[in-house]
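Novice: Chain by chain, the residues run as shown.
Number of protein chains: 2
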Amino acid sequence: MVLLRGMVGSVNFSASTTHALRATAWLAAHGDGDAVLGREMARKLKIPPDYLSKVLATLARSGVLTAVRGAKGGYRLARAPERIKLVEVVTPFEGTRARSGCLLRPDRPCRDSGACSAHRSWGGVNEAYRAFLEKTTVADIRDQA
Amino acid sequence: MVLLRGMVGSVNFSASTTHALRATAWLAAHGDGDAVLGREMARKLKIPPDYLSKVLATLARSGVLTAVRGAKGGYRLARAPERIKLVEVVTPFEGTRARSGCLLRPDRPCRDSGACSAHRSWGGVNEAYRAFLEKTTVADIRDQA
DNA sequence: GTGATAGTGGATATGTATATCCATTATGCA
DNA sequence: TGCATAATGGATATACATATCCACTATCAC
Chain A
1 MVLLRGMVGS VNFSASTTHA LRATAWLAAH GDGDAVLGRE MARKLKIPPD
51 YLSKVLATLA RSGVLTAVRG AKGGYRLARA PERIKLVEVV TPFEGTRARS
101 GCLLRPDRPC RDSGACSAHR SWGGVNEAYR AFLEKTTVAD IRDQA
Chain B
1 MVLLRGMVGS VNFSASTTHA LRATAWLAAH GDGDAVLGRE MARKLKIPPD
51 YLSKVLATLA RSGVLTAVRG AKGGYRLARA PERIKLVEVV TPFEGTRARS
101 GCLLRPDRPC RDSGACSAHR SWGGVNEAYR AFLEKTTVAD IRDQA
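From first to last, the protein sequence lines are chains A and B.
Terminal number for the first sequence in the working numbering: 145, no gaps in between.
Terminal number for the second sequence in the working numbering: 145, no gaps in between.
Treat the hints as calculated values from the structure; they're not laboratory data.
Treat each hint with caution, since some may be false.
[Said to hold, decoys possible] Now the stretches of chain A that chain B is said to cover, found in silico as 3 or more residues with beta-carbon under 8 angstroms:
hint: 1; segment: 11–18
hint: 2; segment: 21–27
hint: 3; segment: 119–133
In this text, a Cβ means the ideal position worked out from N, Cα and C, and glycines have one as well.
Model the full assembly from the supplied sequences, consistent with the hints where possible.
Specialist: Right under this line is the structure:
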């Protein structure tokens, strides 16, 4: 296995989640009210079109985007970017990977939450992660699109 | 897709990494200097034996464990648990998943690191994660085994 | 030395996320 | 109404992590 020392230690999202974040950020930056073609977003963001379309459909079902079918259709943000939290964008894709947040037994709720210091500081990492997703909105990442 | 609202927002490790953490914690708690059979650890920790043996072999190659072959063989911690950082246990398994830490473009180094506030606070999440792995040792998670 | 034990490593199977392909449905517009 | 367009969704392919199986090598006990 290839070791990438110094690179370890970053929190990752799945490809689906990353596509969702980039797409919503791009819509916030370039959407002018009109619906934007999924195909065009895929081209601009260099994401496989048929894959992105699934991601966009999921976001539409979740209420983050509004899908417009037919000619002149496409996708637009369901609300102003300032009113869409990142947690809304992330949740539909990270749901299956969600865990208890317990370091050693992520498959089940952990006993003695506050017992050891390692457990508490690990909880702090998760709390920082959760807080970021709650307080950051699509408007905040618009410029990075 | 099933949504698990309220569960999203925890940082996860892969199964291999979790096995490695649990195995080293268990060795710190139960190893009394003698080598412990991989098979016994698998039984106690309820981890598939043949899978755990690969994980243990990787940890031995990385210098976290010492492997003892032949009869009366097994594995032991290479050093005192206080002197083994979690980052050493995690690195051999999370290496392939390592990314740039950039929220929207994890596949490449990100431009304008300090430009937007979202970028900075996301960097803070990663910093908390990295700091945890650096400051926590196997001794700190021993009790959770 | 001989046999039993235990780690090592290659080959393979399985499950899930990722990615692609294509038929269908819905809608705007002439 | 009819046509072009675009989202929708099912089926399938690919890649990788996970898991299993088995043959091989190294070492201890006798």
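Novice: The structure should be examined with respect to each hint, and the outcome stated for every one.
Specialist: Right, here's what the structure says about each hint:
1. 11–18: holds (count 4)
2. 21–27: holds (count 3)
3. 119–133: holds (count 11)
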